[in-house]
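Colleague: The residues making up each chain are set out below.
Number of protein chains: 2
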Amino acid sequence: MQAWKEYQEQNKDRFLNELLQLLRIPSISAKNENKADMITCAEAVKQHLLAAGADKAVIYETAGHPVVYGEKMIDPSKPTVLVYGHYDVQPVDPLNLWNSPPFEPTIKDGKIFARGSADDKGQFFMHVKAFETMVQTSSLTTNIKFIIEGEEEVGSPNLATFVKNNKELLKADVILISDTAMISMENPSIDIGVRGLSYIEVEVTGPNRDLHSGVYGGAVANPITMLAKMIASCHDESNHITIPGFYDDVVNATPEERKLMAAAPYDENEFKADLGVSELWGEKGFTSNERTGIRPTLELNGIWGGYTGEGAKTVLPSKAFAKISARLVPDQSSEKITEKLINYFQSIAPAGVVVKASEHHGGEPYMTPVDSKAYKAAAAAMKDTFGKDPIPVRGGGSIPICALFEKELEIKIVFMGFGLDSDNLHSPNEKYDLVNFYKGIETIPYFHKHFAEM
Amino acid sequence: MQAWKEYQEQNKDRFLNELLQLLRIPSISAKNENKADMITCAEAVKQHLLAAGADKAVIYETAGHPVVYGEKMIDPSKPTVLVYGHYDVQPVDPLNLWNSPPFEPTIKDGKIFARGSADDKGQFFMHVKAFETMVQTSSLTTNIKFIIEGEEEVGSPNLATFVKNNKELLKADVILISDTAMISMENPSIDIGVRGLSYIEVEVTGPNRDLHSGVYGGAVANPITMLAKMIASCHDESNHITIPGFYDDVVNATPEERKLMAAAPYDENEFKADLGVSELWGEKGFTSNERTGIRPTLELNGIWGGYTGEGAKTVLPSKAFAKISARLVPDQSSEKITEKLINYFQSIAPAGVVVKASEHHGGEPYMTPVDSKAYKAAAAAMKDTFGKDPIPVRGGGSIPICALFEKELEIKIVFMGFGLDSDNLHSPNEKYDLVNFYKGIETIPYFHKHFAEM
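Protein chains in written order, with the working numbering: chain S, 1 to 454; chain F, 1 to 454.
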């Protein structure tokens, strides 16, 4: 393993420069104007895979942005690791809040500031460089496949079709993804679950037009007031969600798992200070980590109605709207919860207003069992390089493609994220620490080694 | 009186064209970009007063938009009528809901569609044309003064100073205002009261930045949810307002007054059909007319927070906002109720969020006694032209300057509104019926006649 370390040490600067090159391509999947950049970026990824040692690398067209596939098959009797990542990035607005241009990567205080540095170019590129390391040191002990898509930031609308049509191509024993965060460099952790998502939009219509609040106020149901009443009814006094059947399929965490979670480093005062709040909030009977990890939640993501400009306008609006999402845990089903949410809002519609509820894209919750071969290999790899056992944590976010992979390919996923919660994903000044980047490249070959040996 | 009718018949088309000219000026007092239009409009009003027969007309500068004053003093021993109106109009958004451009007046089905057609250009202009009629037919029997301001739609912030500094100039025996509606052409009515107004804006702050709803959702108070809970708490199950002390100073209407109100023509099914609602809403124990006339109300005028664009964004927003106003009845005080509203929202702020409540301009409720000379003259004038006694009604809207006039000038106000509730004031497709416009011009000279004779 000394050979890996030496090779990486010698090629350190080149690895970084190659990443910076990749970060200069504004591959924003949501923007039509960046369509050509997406193709440029896909081509660059393909060339990197070939240069790193792939036997083949192919750009697959989809109805949207292309998928890049690459592989090196050393021996059909050896296990196959499928690496998933994405080369597309989030939009950059508000641009004025960036301290340096999002597509001119800037290194400051040991951090790379650039859109995509952590999410996910910097992270999937570690796998490319780890792969190169193993090839160049003749120590690759697994078959390896890469699927690097270009539509993750817009909900992967064409990935399901691609996966369904290419099951043989994608056949593997485990899927390895670096697109999450760990607690800290001092407290390495592995996400063993991501929450699912249900997302609805509610439209409340009162009168057929905006009314003068003086002439009609008091005699007609106000859609904002009615919407507020409906929203207020979604949580009881203990902040439990009141939607009938919402918790039916929740698998309660075991006392052991809760004990393990409680042992993870967490400083409530630091947490509050970072958010600037004097008090925390949440479901009675659970800690903050449990509330964001093992419990389902219901959040208001947006609300609007009536006059929202400067000053005062005495309008009784015709309509009010809200965007509402729920995070789900095993074994809740996104489809079922979405239906329950829609039914709930329609069933509690107060007299005098009409409530329409509709669905946005959701996703299923996902868990990696800690006793799986995949998890054990990842944990062993991290122990090798960090010097301590990683803490298994339940992430609060959602990665909707997980359930797709499991369903279509019937293989388990392991998340080896090397980012930090402070990386400003989707926000201005996204960054990725150099030390995390190099630590990832160092750790990944150990995963392949352990996975092949197990 | 035949002379009035003939003069008006002969000049009908010109009267209308002059009004259309006035409606083409986008005199939106709330928008900085229309500052020049406000001056253009004030100048046009001044010229109209002079052309109609005023001895003098002056534009008075204020800290905001100018006030136009005009007068014709025929005899110091005769009574003086002060006509109040406003040349400013409401903003026009949402523009896409207008069937014709708001500042290109369009006549359709006998109605003038334009911003300001009813509120208040079309209505104050009736007084200018009625004045012209009396001057041209040498039948003016009162002194007449006009005060046409440019800040009514933004709460008349500078009118108090103007009135206080010009008490002698504005000295009169009655103030006549056409800025309200009547029941219908078949059921002429006179507003004997307007409601007062308190208006606050509430800002709820949770975390110090927008958060990822997956990573933090469930562990931090969501400002939208908290705002909804606060709003939901403002009405009880009988739709009474729960703010402590809110009803303390309400003078309950007498059984006689309620009986009179119940006799006014009102068709609930028609009312519902016009608004497109299947059920009405309101304070238990009161009719719709009572709810909008003799009872105070609390309405949500606007709400916003989080992501309000297309599609879905999983944000847990830092802030949520609402605009909330109350309509007041005698003897509620705007100042006191505003304070109660602000205190209420601050006192019920849930843990984990900070609530800031601030004040927008309000106004006091106002009543015109039915046994006053002013009311009697107005009722007699309407009987002359409509052929029947007008019904005294309590209007739901607010004209904050009323209390100011009464306090500073010690004169009573009479409301001769010729609009209809269906005129879409403050909304897209504001309109004013031609027949109402002409009926107003026909009726107003009779008011002057009766008032002079009483």
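These are calculated hints, taken from the structure and not from any lab test.
Mixed in with the good hints, there may be bad ones.
Which copy? The list can't say, so a pair holds if one copy fits it or any two copies do.
To be verified - As a list, the in silico DSBU-like pairs of lysine-lysine whose alpha-carbon atoms are at most 35 angstroms apart:
id: 1; residue 1: Lys407; residue 2: Lys272
id: 2; residue 1: Lys336; residue 2: Lys78
id: 3; residue 1: Lys356; residue 2: Lys12
id: 4; residue 1: Lys412; residue 2: Lys229
id: 5; residue 1: Lys259; residue 2: Lys72
id: 6; residue 1: Lys259; residue 2: Lys313
id: 7; residue 1: Lys259; residue 2: Lys35
id: 8; residue 1: Lys284; residue 2: Lys313
Computed from a prediction, not measured in an experiment: that's the story for all the values here.
Colleague: As a check of your reading, is Lys336 near Lys78 (CA-CA no more than 35 angstroms) within one copy, between copies, both or neither?
Modeller: For Lys336 and Lys78, the Cα distance exceeds 35 angstroms both inside one copy (40 angstroms) and across copies (79 angstroms).
Colleague: Cα distance capped at 35 angstroms. Does Lys356 pair with Lys12 within a copy, between copies, both, or neither?
Modeller: neither (53 angstroms within a copy, 49 angstroms between copies)
Colleague: Up to 35 angstroms between alpha-carbons, please classify Lys407 paired with Lys272: within, between, both or neither.
Modeller: Cα proximity of Lys407 and Lys272: none, with 39 angstroms in one copy and 52 angstroms across.
Colleague: First find the shortest C-alpha distance between Lys259 and Lys313 inside one copy, then the shortest across copies, and answer within, between, both or neither for a cut-off of 35 angstroms.
Modeller: Cα proximity of Lys259 and Lys313: across copies only (33 angstroms, versus 54 angstroms in one copy).
Colleague: Have a look at Lys259 and Lys35 and pick one of within, between, both or neither, based on CA distance no larger than 35 angstroms.
Modeller: Cα proximity of Lys259 and Lys35: none, with 48 angstroms in one copy and 66 angstroms across.
Colleague: If the cut is 35 angstroms between Cα atoms, do Lys284 and Lys313 qualify within a copy, between copies, both or neither?
Modeller: Between copies, since 27 angstroms is at most 35 angstroms while 40 angstroms is not.
Colleague: With 35 angstroms as the alpha-carbon cut-off, assign the pair Lys259 and Lys72 to within, between, both or neither.
Modeller: neither (42 angstroms within a copy, 88 angstroms between copies)
Colleague: With identical chains, the pair Lys412 and Lys229 could be close in the same copy or across copies; at 35 angstroms between alpha carbons, which is it: within, between, both, or neither?
Modeller: neither (43 angstroms within a copy, 42 angstroms between copies)
Comparing the model with each earlier hint shows violations of hints 1, 2, 3, 4, 5, 7; every other hint is respected.
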